[in-house]
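Take these sequences, add in the hints, and give me the full structure.
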Amino acid sequence: GDSVTQMEGPVTLSEEAFLTINCTYTATGYPSLFWYVQYPGEGLQLLLKATKADDKGSNKGFEATYRKETTSFHLEKGSVQVSDSAVYFCALKSGGGADGLTFGKGTHLIIQP
Amino acid sequence: ETGVTQTPRHLVMGMTNKKSLKCEQHLGHNAMYWYKQSAKKPLELMFVYNFKEQTENNSVPSRFSPECPNSSHLFLHLHTLQPEDSALYLCASSQDAGGTETQYFGPGTRLLVL
Numbered sequence: 064g065d066s067v068t069q070m071e072g073p074v075t076l077s078e079e080a081f082l083t084i085n086c087t088y089t090a091t092g093y094p095s096l097f098w099y100v101q102y103p104g105e106g107l108q109l110l111l112k113a114t115k116a117d118d119k120g121s122n123k124g125f126e127a128t129y130r131k132e133t134t135s136f137h138l139e140k141g142s143v144q145v146s147d148s149a150v151y152f153c154a155l156k157s158g159g160g161a162d163g164l165t166f167g168k169g170t171h172l173i174i175q176p
Numbered sequence: 022e023t024g025v026t027q028t029p030r031h032l033v034m035g036m037t038n039k040k041s042l043k044c045e046q047h048l049g050h051n052a053m054y055w056y057k058q059s060a061k062k063p064l065e066l067m068f069v070y071n072f073k074e075q076t077e078n079n080s081v082p083s084r085f086s087p088e089c090p091n092s093s094h095l096f097l098h099l100h101t102l103q104p105e106d107s108a109l110y111l112c113a114s115s116q117d118a119g120g121t122e123t124q125y126f127g128p129g130t131r132l133l134v135l
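Protein chains in written order, with the numbering used here: chain W, 64 to 176; chain Z, 22 to 135.
Derived from the structure by calculation, the hints contain no laboratory data. Keep in mind that a hint or two might mislead.
What the hints assert, rightly or not - In silico BS3-like pairs for lysine-lysine, Cα to Cα no more than 30 Å straight-line: (1) W:Lys115 / W:Lys168; (2) Z:Lys73 / Z:Lys40; (3) Z:Lys61 / W:Lys168; (4) W:Lys168 / Z:Lys57; (5) Z:Lys57 / W:Lys123; (6) W:Lys119 / W:Lys168; (7) W:Lys168 / W:Lys123; (8) Z:Lys62 / Z:Lys43; (9) W:Lys168 / Z:Lys62; (10) W:Lys123 / W:Lys140; (11) Z:Lys62 / W:Lys123; (12) W:Lys119 / Z:Lys62; (13) Z:Lys57 / W:Lys115; (14) Z:Lys39 / Z:Lys62; (15) W:Lys119 / W:Lys131; (16) Z:Lys43 / Z:Lys73; (17) Z:Lys40 / Z:Lys62; (18) W:Lys140 / W:Lys119; (19) Z:Lys61 / W:Lys123; (20) W:Lys131 / Z:Lys62; (21) W:Lys140 / Z:Lys57; (22) Z:Lys57 / Z:Lys40; (23) Z:Lys61 / W:Lys140; (24) Z:Lys61 / W:Lys131; (25) Z:Lys57 / Z:Lys73; (26) Z:Lys40 / W:Lys168; (27) W:Lys168 / Z:Lys43; (28) Z:Lys43 / Z:Lys61; (29) W:Lys168 / W:Lys140; (30) Z:Lys57 / Z:Lys39; (31) Z:Lys73 / Z:Lys39; (32) Z:Lys43 / Z:Lys57; (33) Z:Lys62 / W:Lys115; (34) Z:Lys62 / Z:Lys73; (35) Z:Lys61 / W:Lys119; (36) W:Lys140 / Z:Lys62; (37) W:Lys115 / W:Lys140; (38) Z:Lys61 / Z:Lys40; (39) W:Lys131 / W:Lys168; (40) W:Lys115 / W:Lys131.
In this text, all values refer to a predicted model and were calculated from it rather than measured experimentally.
As structure tokens, then:
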């Protein structure tokens, strides 16, 4: 079956540091890939997505590139802010089936001023 | 995204109680989902409805009973729950369950079973 593996953290960085959160996946076919973010006390919000190999999703300074050869979708940001502190979830959706998303366990990111 | 609302936001219930969680989406979507989020575990898909028809029941115990009266509303009826059912229950919607469209999530209902 489909699965997503991501570093669990917590990941603690100083403000303006470079961020990388690794995500690798196993799936049949060619899934769409997503990063969701969950702020304290809230539901999940879509951060970015990519639907085919070599696509780059980007939003709010975050980027991730769909790498089919390494089955990866690592999240990066050049300069993090305190407001980026949240839990980040990598997820995939295999097309064609009427089912939901497959999520990783989430990475808790803490940005210190 | 405020297009998906959930009530109540918090719920405490005993193991013999019966309660219901409600989800409503204002996005014109045709697919709705229930997920369970427990500490230290990935989000678990529970149920999928596509055009009001249930298309997925991910081996969920019968003490959880979903209902989808129309494309905009989704309920999760709860009865004789166990303490290990305490979790955040998230509702989501998308245009269609069969494709790879984005799923939009509600804020969740934090459930505590005593």
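Going down the list of hints, with the structure as the test:
no.	hint	in the structure
1	W:Lys115 / W:Lys168	holds, 23 Å
2	Z:Lys73 / Z:Lys40	holds, 22 Å
3	Z:Lys61 / W:Lys168	holds, 7 Å
4	W:Lys168 / Z:Lys57	holds, 12 Å
5	Z:Lys57 / W:Lys123	holds, 28 Å
6	W:Lys119 / W:Lys168	holds, 22 Å
7	W:Lys168 / W:Lys123	holds, 23 Å
8	Z:Lys62 / Z:Lys43	holds, 23 Å
9	W:Lys168 / Z:Lys62	holds, 6 Å
10	W:Lys123 / W:Lys140	holds, 9 Å
11	Z:Lys62 / W:Lys123	holds, 27 Å
12	W:Lys119 / Z:Lys62	holds, 28 Å
13	Z:Lys57 / W:Lys115	holds, 28 Å
14	Z:Lys39 / Z:Lys62	holds, 26 Å
15	W:Lys119 / W:Lys131	holds, 12 Å
16	Z:Lys43 / Z:Lys73	holds, 15 Å
17	Z:Lys40 / Z:Lys62	holds, 24 Å
18	W:Lys140 / W:Lys119	holds, 13 Å
19	Z:Lys61 / W:Lys123	holds, 27 Å
20	W:Lys131 / Z:Lys62	holds, 26 Å
21	W:Lys140 / Z:Lys57	holds, 29 Å
22	Z:Lys57 / Z:Lys40	holds, 16 Å
23	Z:Lys61 / W:Lys140	holds, 25 Å
24	Z:Lys61 / W:Lys131	holds, 28 Å
25	Z:Lys57 / Z:Lys73	holds, 20 Å
26	Z:Lys40 / W:Lys168	holds, 28 Å
27	W:Lys168 / Z:Lys43	holds, 25 Å
28	Z:Lys43 / Z:Lys61	holds, 25 Å
29	W:Lys168 / W:Lys140	holds, 20 Å
30	Z:Lys57 / Z:Lys39	holds, 18 Å
31	Z:Lys73 / Z:Lys39	holds, 23 Å
32	Z:Lys43 / Z:Lys57	holds, 14 Å
33	Z:Lys62 / W:Lys115	holds, 27 Å
34	Z:Lys62 / Z:Lys73	holds, 29 Å
35	Z:Lys61 / W:Lys119	holds, 29 Å
36	W:Lys140 / Z:Lys62	holds, 25 Å
37	W:Lys115 / W:Lys140	holds, 21 Å
38	Z:Lys61 / Z:Lys40	holds, 26 Å
39	W:Lys131 / W:Lys168	holds, 21 Å
40	W:Lys115 / W:Lys131	holds, 8 Å
In this structure, none of the earlier numbered hints is contradicted; all agree with it.
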